[in-house]
Amino acid sequence: MRKTLYYLLIAIAAIALLAACGSPQPAAEEAMEEAPAAADTSEEAMPSSSYESCLESQAAGMNFCEAPMLAERVAAGELPPVDERLPVNPVVGNNRIPDWQAVMERGEYGGTLRLLDFDAGTIGHDAGWISNEPWVETEDIAHDFATMTGNIFDLEISDDDMEFTFHMRKGMKFSNGADFDTEDVQFFWDNILHNETLTPIIGSSWRAGNTPTGNVGELEVIDRYTFRITYDAPYGGWPGLFTYGGGPHRFTDSDYLKKFHGDFADADELAALLDEHGFEAGEWNRLYGIFNSGNRQHETGLPSLGPYVLTEMGETQAVMERNPYYWKVDEWGQQLPYIDRLQISIVPDVNAATLKIIAGEADMVRRGVNPADMALYVQNAEDKGYEVVVLDMHASTGEIYLNMTYADEAWQEVVNDIEFRKALSYAVDRATLIDAVYSGLAEPPQTMDPTTDVEQAEAILDSLGLDQRDADGCRLTPSGLPITIQFNFTPFTGESLPTAEIVAENWNDIGICTTVKQLEQNLFLTQAGANETQAMVWWAHYPRWPWHEANDYIGQAWQRHYAPLWMAWYEWNLGGGKAASDNADETDPLIVGVEPPQAYKDLRRLQAELFATSKAAEHEVIWAEMIAIFRDNYYWISGADPLKNPLIVNDGLGNVAKRGFHIQSANEAEFYYWVDETRR
Amino acid sequence: MLTQYIGRRLLLLGPLLFIISIISFVLIQLPPGDILNMEVLRLRSAGTQVSEEQVEALRQLYGLDKSLPEQYWLWITNILFEGNFGTSFTYVKPVSEILAARVPLTAAVSIFTAVFVWIMAVPIGVYSATHQYSLVDYFWTFVSFIGVATPGFLLALVFLWMAFVMFDISAIGLFSQEYESAPWSWAKIINMLQHIWIPIVIIGMAHTAGMMRTMRGMMLDELNKQYVITARSKGLTETRLLVKYPVRTSMNPVFSTIGWMLPGIISGEVLVSMVLNIPTTGPVLLQALLNQDMFLAGSIVFILSVLTVIGTLISDILLVWLDPRIRYEGVA
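Heads up: the protein sequence lines correspond to chains A and B, in order. Just so we're aligned: 219 in the working numbering is position 219 of the first sequence, and the numbers increase by one with no gaps anywhere. If you want the working numbering, it's the position in the second sequence, counting the first as 1, plus 1000.
These aren't lab readings, by the way, just hints derived from the structure by calculation. Errors might be hidden in some of the hints.
[Stated by the list, open to error] Here are the in silico distance ranges between beta carbons for each label pair:
hint, chain 1, residue 1, chain 2, residue 2, range
1, B, W1161, A, E276, 40 to 46 Å
2, A, A608, B, P1069, 41 to 47 Å
3, A, L376, B, L1017, 46 to 52 Å
Ideal Cβ positions, reconstructed from N, Cα and C, are used throughout, including at glycine.
Please put together the full structure from these sequences, using the hints given.
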């Protein structure tokens, strides 16, 4: 027995020893809590705020003032003085967030903002969006041209909507201190956009009317700070494509890019770089692509125009520091941003993100939130010092699409009748969807028809002559075929599975026999594109983005959701498909498509008109007509809209808009500052 | 005899690895669609508009304009002649760079775990066998059944929850935040040791339980054999007798699993690493497979297969060397 105890003791001791190794964790936590107290005392000893020192430097003759972190580097001779780093006409104050969402206070410099993402190998989406600098800005994400102001450029549009004159900011610089002027624009135009290796196809956003068949505009450099782009047809809606996100092009210092550009780089240096990055000789375009990959940045040292530049890119953490040359100031002349540093934790998935959020280890989380964890967030908010702000989503994650051109005899007999689609929409139990799928964080559709009325749905189906049923209770078409729907989804968002199940049940209840099928994401997309999907749950950016993601509401997005063969018809007959084909007698419906009904043609015509004009009043009229078309035609069925999503915001963080759109509030980081002095 | 045996095994390696390389490359390409779909989806879901020229640029960036055999040929020749495993699509970095950042930590976790498993399982297994049906035996039997039956990721979740409730921390990651991106130093190593025991205990739990049972079973078989009784009757001390004969024989399963350990050291435990946010290669492989990041996934699968083959060879050799009976069987 004594021996027994002996072994037991060894085992316990071994475990205890291991456990002891880990116990300093909570101790470290305590140390962190104590640190702010120490900061408090030093604060008392030196009571000057950064604004007071700003007033001092302005009194000494400077126009602008800067963060203490940069002032030190200026004093050490590493940076030129702030007035030399900023353009003569910096952007002043906030042009994006309307007053009803937030009024920006005067901030204080310093501190670190902790972000969170699960996008391995990059800075992630929240920091990516913070880094975005659109060419021009409009208020909110409504793209209302009446509120347009300059951002990177000031823009003048000619009366005929064909000439776009861009005024650059004199003395504006990239984060490496290099001048940003028309030389960089010219380099982009000649050697990136018009370089066939880098841009094999010039996209429709650069073509008049945003159509693949429109002509590419012409660039004319007027002087060092002015350039003009001219189209041969009205394209007044073009700026709508660059009032948000990264714009049609994200500029980087051309001298920096020349190091990777096959036409400019030194051959030996380029070969070494290619080898270092594991590319074949001659694949400089792939090397170049690394430095040109949208807003999911992963390379340090890339000169940018954003408020923060990437300084460290690790496996589980990325760090960005303020851009010393950032070209925006607040109303008091302080160079933005206020906060020194972004620290981005990269976690494996959304569940790990939740754990970090409820432990209070992130200061601002947009993309890493999961509405299903709402209760957990709220439960820990007070203890951990953060606020859960519920805001509108810019996208809708559980839209229901019917494929008008799905090749099934019974389906084709009924689906092209608007009344049939209306009946399917009426059958959808929106109250249950909102409760069960969105935990109540959504509203019944505002733009689309919100009616839920099962009796009327059945009455409509009966009146269409679909009142006969087979042995399984499935309604029959007038010619006696059972109407069945195979309803596909892929778990890209958590909403798709429950939405598909609830809607399938609703449809079965009115005698439209529906089976739900889950597909792997890639297979789902491939099938949808090949017209092999009958109905699906998918997400969309409508109805808030008339310009951005304009393909969403005409059913032509990447996944071709509601009528793939109509899209094919447009491409074949109007998009130059027929002209480019060797076989003019082509009959394959996947290639020649099916002629769409007049209402859809009207929708496409209106979209072209929308892109042609820059007049906000006209936009309003056209957009209303377009909405009426997709509302009346039930090309898709909306379950809920807008959806709401929680935004996690540290209690000590100031200047965060707590109304409006989720994605927007999380992006205006140059204005955030630490109200909580201990965090500065 | 032994050299001939090893030689024959080595000869078989070449063709085997060639077939493995083809299978690992083709398997990853089998699902429909490609990385481009995933990337465009990801960009769009984040609210970024993706234009045709961006899609085309991405297609070139990923080298998807080449045919499948061409892609394979480039991939395998680069590995063989330049040690270049290609470029990951999602990370836009050479595969070797991604692995270099993660393999050392993965190896550290795996090796520590293996040591933990041996230290725990062998003595307890031996003890349980020699004191069969004692209170301690029942206790460890009970514990090991729970250990075998509970998936590691569940233990990890329970642990995270406990750490959160009791210590108010999110016990994920391998370093404290201040050391996350610091260069390697003693302080950082100590900081890592403070965190690393969590995955070790959690991953080790299931293995320990399994090995404990095996050890106990093997020992029980051996203990009743004639030679043990003979040795005992000759007056050998109990400890000396146990260690010299039955324990040695019972260790065979331990050595035969070394072969599987080798790839395990590199791949790490996927689910537990995901849950605990340990930057091992496991989550990278999982993500690479989901995203159809074929060079990254293909290279990891290939490396792991090579290691499995080599590991099996090593454990065969070890067994032959350790246990003369296997040698004789080989001759027969």
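Going through the hints against the structure:
1. B:W1161 with A:E276: 40 to 46 Å: holds (44 Å)
2. A:A608 with B:P1069: 41 to 47 Å: Distance hint for A:A608, B:P1069 holds at roughly 44 Å.
3. A:L376 with B:L1017: 46 to 52 Å: holds (48 Å)
The structure is consistent with each of the numbered hints, conforming to all of them.
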